[in-house]
Every structure is written in structure tokens, then in C-alpha cells.
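Whenever a hint applies, use it, and build me the whole structure from the sequences.
Each chain, letter by letter, is given below.
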Amino acid sequence: MPQVIELKSVCRSFGKKPDLADRIATAFGVKSKAKLLRAVDGVDLAIEQGEVLGLVGESGCGKSTLGRLVAGILPHDSGDVLFNGKPMVDKTSQKTGKGLGVQMIFQNPAAALDPRQRILDAITEAPIAHGLIQRSQARSFAIEALDRVGLREDALDRYPHQFSGGQRQRICIARALAVNPEVVVCDESVASLDVSIQAQIINLFLDLRDSLNLSYLFISHDISVVEHVSDRIAVMYLGQIVEIARASDLLENPLHPYTQALLSEVPTLDQTLSEEHALEGELPSPLSPPSGCRFHPRCPIAMEECRSLAPRLESQGSGHRVSCLAIRKEI
Amino acid sequence: MKHTKLLSIQGLRTEFPTPDGPLAAVSGVDLQVTRGDVLGIVGESGSGKTVLGLSIMGLVDRPGRVTAGRIAFDGTDVTNYSEAQWQGLRGNRIAMIFQDPTTSLNPVQRIGLQMIEAIQAHRDVSTDAARQTVREAMVRVGINSPDERLEAYPHQFSGGMRQRVVIATALLNEPDLIIADEPTTALDVTVQAQILRDMRRLCRDTGTALIWVSHDLGVVAQIAHRLAVMYAGRIVEQGVTEVMLKSPSHPYTAGLIASMPANAPRGQRLISIPGGLPQLSNLPKGCSFAPRCAHATTACDVLPELSPTSPDHAVRCVSPLQERG
Numbered sequence: 004m005p006q007v008i009e010l011k012s013v014c015r016s017f018g019k020k021p022d023l024a025d026r027i028a029t030a031f032g033v034k035s036k037a038k039l040l041r042a043v044d045g046v047d048l049a050i051e052q053g054e055v056l057g058l059v060g061e062s063g064c065g066k067s068t069l070g071r072l073v074a075g076i077l078p079h080d081s082g083d084v085l086f087n088g089k090p091m092v093d094k095t096s097q098k099t100g101k102g103l104g105v106q107m108i109f110q111n112p113a114a115a116l117d118p119r120q121r122i123l124d125a126i127t128e129a130p131i132a133h134g135l136i137q138r139s140q141a142r143s144f145a146i147e148a149l150d151r152v153g154l155r156e157d158a159l160d161r162y163p164h165q166f167s168g169g170q171r172q173r174i175c176i177a178r179a180l181a182v183n184p185e186v187v188v189c190d191e192s193v194a195s196l197d198v199s200i201q202a203q204i205i206n207l208f209l210d211l212r213d214s215l216n217l218s219y220l221f222i223s224h225d226i227s228v229v230e231h232v233s234d235r236i237a238v239m240y241l242g243q244i245v246e247i248a249r250a251s252d253l254l255e256n257p258l259h260p261y262t263q264a265l266l267s268e269v270p271t272l273d274q275t276l277s278e279e280h281a282l283e284g285e286l287p288s289p290l291s292p293p294s295g296c297r298f299h300p301r302c303p304i305a306m307e308e309c310r311s312l313a314p315r316l317e318s319q320g321s322g323h324r325v326s327c328l329a330i331r332k333e334i
Numbered sequence: 005m006k007h008t009k010l011l012s013i014q015g016l017r018t019e020f021p022t023p024d025g026p027l028a029a030v031s032g033v034d035l036q037v038t039r040g041d042v043l044g045i046v047g048e049s050g051s052g053k054t055v056l057g058l059s060i061m062g063l064v065d066r067p068g069r070v071t072a073g074r075i076a077f078d079g080t081d082v083t084n085y086s087e088a089q090w091q092g093l094r095g096n097r098i099a100m101i102f103q104d105p106t107t108s109l110n111p112v113q114r115i116g117l118q119m120i121e122a123i124q125a126h127r128d129v130s131t132d133a134a135r136q137t138v139r140e141a142m143v144r145v146g147i148n149s150p151d152e153r154l155e156a157y158p159h160q161f162s163g164g165m166r167q168r169v170v171i172a173t174a175l176l177n178e179p180d181l182i183i184a185d186e187p188t189t190a191l192d193v194t195v196q197a198q199i200l201r202d203m204r205r206l207c208r209d210t211g212t213a214l215i216w217v218s219h220d221l222g223v224v225a226q227i228a229h230r231l232a233v234m235y236a237g238r239i240v241e242q243g244v245t246e247v248m249l250k251s252p253s254h255p256y257t258a259g260l261i262a263s264m265p266a267n268a269p270r271g272q273r274l275i276s277i278p279g280g281l282p283q284l285s286n287l288p289k290g291c292s293f294a295p296r297c298a299h300a301t302t303a304c305d306v307l308p309e310l311s312p313t314s315p316d317h318a319v320r321c322v323s324p325l326q327e328r329g
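Protein chains in written order, with our numbering: chain A, 4 to 334; chain B, 5 to 329.
Source of the hints: derived by calculation from the structure; they are not laboratory data. Keep in mind the model is a prediction, meaning the values are calculated, not measured. Glycine residues also receive a C-beta, built at the ideal position from the N, C-alpha and C atoms. Wrong hints could be hidden among the right ones.
[Said to hold, decoys possible] Part of the chain A face toward chain B, derived, beta carbon under 8 Å:
id: 1; residue: Asp83
id: 2; residue: Gly169
id: 3; residue: Pro289
[Claimed, not checked] To give a feel for the contact side, a few chain A residues facing chain B, derived at Cβ under 7 Å:
id: 4; residue: Ser195
id: 5; residue: Asp197
id: 6; residue: Ser199
id: 7; residue: Ala202
id: 8; residue: Gln203
id: 9; residue: Ser227
id: 10; residue: Leu272
id: 11; residue: Leu282
id: 12; residue: Ser311
id: 13; residue: Ala313
id: 14; residue: Gln319
[What the hints assert, rightly or not] So the derived label-pair ranges between C-beta atoms look like this:
id: 15; chain 1: B; residue 1: Thr106; chain 2: A; residue 2: Met306; range: 29 to 39 Å
id: 16; chain 1: B; residue 1: Arg114; chain 2: A; residue 2: Lys89; range: 48 to 58 Å
id: 17; chain 1: A; residue 1: Gly284; chain 2: B; residue 2: Gln124; range: 46 to 56 Å
What follows is the structure, given as C-alpha cells:
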């Protein structure tokens with residue numbers, strides 16, 4: 004399978020830009036106090052054509068930033084983001100082409116839609132602007148786009164507030180698909196929906212993948228959702244991927260202690276939440292990540308060298324890769 | 005002391021006036037909570053679960069108000085309590101935990117002071133004694149080095165820690181009943197699991213009754229002994245958690261369980277409930293769920309009563325699903 008998206012040691016930090024005082028201080032050899040938040044820190048990742056790659060992690064682990072880097076709506080600091088083998092278009096600058104191949108669907112459809120824009124315009128604005136369709140074709144094009152997501156023609160002349168949350172998310176999906184993307188980044192796209200509606204939208208995502216041969220990067224904090232839709236799953240912790248494997252491998256045989264803890268904490272109907280805490284404490288501040296393995300302060304099997312030595316993602320066979328010193332030792 | 009009736013609600017109706025007439029966010033709700041009981045209330049947005057919790061606490065914002073029914077707390081009718089009477093009860097014998105801990109805490113006051121205030125509002129104790137109680141409560145919810153933490157401001161805590169502070173505050177006066185409205189929804193799964201365990205243990209140790217309101221069946225299943233499922237302002241099914249999850253009687257409960265991705269084979273379409281949530285201003289005649297129900301018949305044009313199918317199971321459906329296996 005060809006890879007539509009490829010990330011090579013991609014980094015992205017946030018922080019204050021050095022001002023004049025900082026630059027003078029640096030020039031005189033004083034260490035700058037400005038703290039950098041490394042939201043994504045050296046991530047290698049690939050999405051194959053027609054594949055759903057799930058991305059899970061706690062809030063603040065950098066999964067949304069990674070999604071934005073893949074979608075090209077946030078520039079990366081270093082490394083390479085490749086789309087079909089070519090560098091990703093930087094959508095934040097106007098000059099460098101269209102970059103329609105990757106689209107994004109956000110968590111809150113109410114915020115993602117312009118409240119004063121009719122649905123017809125919301126869906127056809129981008130394809131008209133990029134010359135994919137003529138203005139005269141707009142209506143028939145929009146009807147087709149809405150039909151694909153299970154909405155009827157009468158939605159065209161209405162405004163976002165006239166729809167329910169689930170319908171609004173369908174509109175967002177129709178709008179994202181209007182420019183024929185190959186990859187769709189779904190950032191918590193079903194998190195704000197009610198359980199019964201969430202199932203409808205998940206079904207829609209699965210149907211669209213089959214009919215349009217789409218690839219997804221499916222980001223969610225809800226492991227049961229990711230588990231359901233994904234072919235492969237990547238687990239993120241403090242800006243780094245700690246484990247990646249086929250969905251069935253990861254769920255049946257999680258190797259990283261963080262993945263194991265995360266999976267055991269998911270509430271399910273069989274009421275199996277054990278009495279013991281699987282994981283103590285909370286995600287450390289990404290402003291000052293722990294030394295060595297970033298998970299070591301919370302890790303039940305941490306060893307002495309985990310404090311100083313940072314593990315790398317290493318293959319455990321059949322595409323299962325883990326970043327843990329203890330696992331490497333066993334082999 | 006155990007198994008005595010602590011909270012008893014009959015025919016509760018909470019309405020909000022609108023230009024098009026009153027809107028019943030909660031309608032005809034009957035509930036019983038005994039001491040030490042953990043009741044889970046499950047529903048989607050607009051089902052009335054939050055307004056139900058607020059109604060029990062006497063916290064419904066004007067112009068909304070309880071228009072019918074009776075709420076009895078520990079044998080006393082509190083339905084028509086004045087604000088002053090409520091203040092003696094709230095935070096003292098009934099406590100509430102909200103979804104967002106940030107808005108429950110005063111951002112410009114030290115945590116310790118806020119918690120001491122919660123004790124002294126109800127009891128005539130010295131600040132030193134109150135501080136000691138606060139310290140113990142902090143340790144009980146898993147906050148180490150409480151002395152240091154008491155001097156901190158809310159923004160210096162993480163989301164999970166803030167919710168622990170709120171839970172500790174709720175526990176201060178050893179209430180008989182805690183109402184928790186989506187207390188873990190804003191938290192990560194790992195923190196959620198920690199809080200679930202803590203609450204489960206605290207309720208078992210102290211005998212405090214708990215009403216846990218949530219949209220997430222998986223979360224409620226971990227903690228609640230009994231479940232009540234709400235739809236469009238009414239309870240559609242209630243019973244013992246294990247029984248309801250294994251063999252739900254109401255098609256809506258069954259649909260909710262089937263829609264959970266964890267209950268379906270990977271990559272397969274989920275069994276979803278067609279259509280969307282009904283609008284309270286435009287409820288269908290008869291059963292509110294009928295338009296989305298696969299089993300609906302003309303008999304559903306009349307609103308069914310919440311009728312018992314066994315001593316501790318009741319369902320609001322004309323043709324409840326048969327028990328499976």
C-alpha cells in the first residue's frame with residue numbers, strides 16, 4: 004500500500020518568540036528563561052492509502068497538534084511532513100498552492116461553521132474558489148454532497164443553528180469532502196455528540212471510507228471509539244509516540260506499560276474496573292517533561308536507567324513498535 | 005440505619021416558561037434513594053438529567069421552577085423550602101459536584117479558606133478545628149501534602165486535582181446525599197478511573213448515598229447499584245444495574261447499549277438509533293421515543309406509564325423487550 008502521509012521526526016514547539024531583551028541576553032551568554040512547550044517531539048508516522056490510523060492519548064499529550072501538522076494548518080518546526088511523497092503545502096501561507104488533499108473535521112461543529120453562512124455556501128465556497136466547479140453547478144453539486152452524508156436538499160438554504168449537533172457534524176463532513184481530499188483528519192469529531200448520534204456518525208465515516216477510499220487520522224481520547232474504527236492505533240504520551248500497532252495487536256497484546264494502563268482504565272459495561280489504580284498521578288507538565296523515558300515517574304515497572312536513558316520506538320515484529328527500555332531488555 | 009428511605013421524589017415536574025408556553029424539562033419523575041445507595045441517572049443531552057439534579061437541590065434557575073410533585077428528604081417535605089431553609093441543607097446534608105471544577109471554585113481565594121468556609125457556614129467550630137477536618141478530607145480524596153495544597157489557588161491545580169478538591173469539599177460536612185453531575189466528563193480516562201474508584205470507596209466507607217448523573221453508560225456501570233434512564237424529561241426505565249445492562253427492557257436503553265462502539269465487532273457498522281433527539285417544545289404525542297423506535301405500533305400513541313416488570317425494575321413502554329437468555 005502506498006503511503007499518503009509520511010512524517011519524519013517532526014517537531015513542533017510553542018512558546019514566546021525571543022524579543023530584543025532575550026536576544027541581547029543570549030548574545031551575552033545568559034541562558035534564556037523563555038520556556039518552550041514541545042507539543043510534538045520527533046514523531047515518525049505513516050498513513051497508508053485507505054487506512055484508518057487511530058491516535059489516542061490523554062489531554063495535553065500533543066495529539067491535536069499532531070493532527071494539525073498532518074492537515075497542514077499548522078507549520079512544523081523541523082522534520083518532514085510528506086503528502087504522497089511531496090512536502091506538505093503550508094496552508095497558513097497563501098503562496099504555496101492549494102493543498103486540498105488533506106482536510107480536517109473538528110470536535111465542535113457549531114464553532115466550525117459560520118453561523119451567517121447558508122449551508123449551500125458553506126459547502127460550495129471552497130470548490131468554487133479553487134475552480135473545482137462552476138458557480139452555476141453549485142446547487143446540484145451541494146445536493147450531491149449532502150446526499151453523501153445523509154442530508155436532504157431542503158438543508159441547502161438553511162443556516163447552521165437550524166440543525167442539531169449530529170446534523171451539523173454531517174454538514175462539516177460534507178464540506179470537508181467537497182474538495183475531494185484523500186486524507187481526512189478527524190480531531191475528536193464524535194466527542195461532542197450524544198451516544199446514539201455518535202454511532203450514526205461513526206457509521207458514516209466507515210461508509211465514506213469504503214465508497215471514497217479515504218484515509219483517516221482518527222484522533223480521540225475515547226479508546227473504544229478509536230478501537231472500533233481504526234486499522235492501526237498509535238498511542239501518544241507527552242509529544243511522542245510510545246506504541247503503534249495493528250488495532251487487534253495493540254488491544255490484545257499491549258506492550259508499553261502506559262498502553263496497558265490506559266486500556267485497563269476504560270470504563271466498560273462489564274463493570275471490570277479493578278480496585279487498584281492502574282496508573283498513579285497525572286500527565287506531567289509538557290513544559291518540563293521528565294528526563295529519560297518521559298513515562299518513568301508513573302511507570303509501574305520503571306528501572307534505574309529509565310531515569311536517564313530515553314527509549315526509541317523499536318519494532319517487535321509485524322508492524323508492532325514500542326518505545327520502552329524494559330521491553331527491549333526482555334528480548 | 006441502612007435501607008431507610010433518604011430521598012423520595014413523586015411526580016416531579018420542572019418547567020421553564022417560553023413564549024410558546026411552558027417547557028417541561030422534567031416530567032412525572034418518581035425516584036427513591038435509600039441510605040448508602042448509588043443511583044446512576046443516564047440520558048443524552050436534553051433528557052432532563054441535569055435539571056432533575058438541580059431540582060432535587062432546589063437550584064433551578066428562575067424563571068424555571070418545580071411546578072408539580074413532591075420531594076421529601078429524610079422524611080421532610082422540602083418541595084416548598086425557602087432559600088434560607090435550603091441554605092441550611094445544601095452543602096451540609098446534601099452536596100453537589102458539578103461537571104466543571106473550575107467554575108465551582110473561587111479563583112481568587114486559597115483552597116483552604118474556601119473549604120474552611122464551607123464548614124463554618126454550617127457549624128460553629130474554630131478555624132483550627134475546621135482546618136484539621138479539611139486536611140483529613142484532602143487526604144481521603146488522595147491529595148498528598150495537604151498543608152501545602154491548602155495554601156494554593158485553584159489555578160495551581162490540574163483538572164483532576166481540582167475535581168478532587170471539589171469532592172473533598174462536598175464530603176466536609178459528611179452529607180447524607182451527594183449529587184454528582186457528570187463529574188468526570190471533563191477528565192482523562194486515567195483520572196476518571198481514579199475518581200470513580202475514590203468515590204466508590206468513599207461512599208462505601210461513609211454510607212453516603214450518591215446520585216451519579218452521566219451520559220456515559222460505561223462510567224455509570226462502574227459505580228451505580230441502580231440505574232434510571234431518562235429520555236425527553238421522563239424516566240423510561242429503572243432497575244438494578246446488572247439486570248438492566250444485561251437485558252434492557254426499553255428499546256431506548258437497548259439502543260444506547262448497542263450504540264456503544266465497545267459492544268460491536270471492530271470495523272463493522274454500529275447499531276445506531278435512527279433520527280435525532282426530540283425537541284421538548286415539540287414532543288410527539290404518546291411515547292416520546294416512538295418516532296425512533298423499531299418496535300413502535302399505534303398503541304404507542306398513548307403515553308405509557310412507568311410500570312413495574314419485577315419488584316425492582318420498571319419500564320415505560322407498551323411492549324417491553326423480552327428478557328434475553
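Going down the list of hints, with the structure as the test:
1. Annotation: A/Asp83 was flagged as interfacial toward chain B, and the flag is violated, the nearest CB pair being 31 Å apart, outside 8 Å.
2. The beta carbon of A/Gly169 is positioned within 8 Å of a beta carbon in chain B (closest approach about 6 Å), and the interface hint is therefore held.
3. About 12 Å separates the beta-carbon of A/Pro289 from the nearest beta-carbon of chain B, more than 8 Å, and the hint is not met.
4. Hint on A/Ser195 is violated. Least Cβ distance to chain B is approximately 9 Å, over the 7 Å limit.
5. Hint on A/Asp197 holds. Least Cβ distance to chain B is approximately 4 Å, under the 7 Å limit.
6. Hint on A/Ser199 holds. Least Cβ distance to chain B is approximately 4 Å, under the 7 Å limit.
7. Interface restraint check: A/Ala202 against chain B, minimum CB-CB distance 4 Å, threshold 7 Å, status holds.
8. Using the Cβ-Cβ criterion of 7 Å, the hint placing A/Gln203 at the interface with chain B is satisfied: the shortest such distance is roughly 4 Å.
9. For A/Ser227, the interface hint holds, since its Cβ comes within 7 Å of a Cβ in chain B; the closest pair sits about 4 Å apart.
10. With its C-beta approaching chain B no nearer than about 5 Å, A/Leu272 sits inside the 7 Å limit, and its interface hint holds.
11. At its closest, the beta carbon of A/Leu282 sits 5 Å from a beta carbon of chain B; the interface hint therefore holds under the 7 Å criterion.
12. Checking A/Ser311 against chain B: minimum C-beta separation of about 25 Å lies over 7 Å; hint violated.
13. At about 22 Å, the closest approach between the beta carbon of A/Ala313 and any beta carbon in chain B exceeds 7 Å, and the interface hint on this residue is violated.
14. A hinted interface residue such as A/Gln319 counts as satisfied when its beta carbon comes closer than 7 Å to some beta carbon of chain B; here the least separation is about 21 Å, so the hint is violated.
15. Our hint of 29 to 39 Å for B/Thr106 and A/Met306 holds, since their Cβ atoms are close to 38 Å apart.
16. In this structure, B/Arg114 and A/Lys89 meet the distance hint of 48 to 58 Å, their C-beta atoms being roughly 56 Å apart.
17. The hinted range of 46 to 56 Å is not satisfied by A/Gly284 and B/Gln124, whose Cβ atoms lie roughly 32 Å apart.
Hint compliance for this structure: hints 1, 3, 4, 12, 13, 14 and 17 are not met, and every other hint is.
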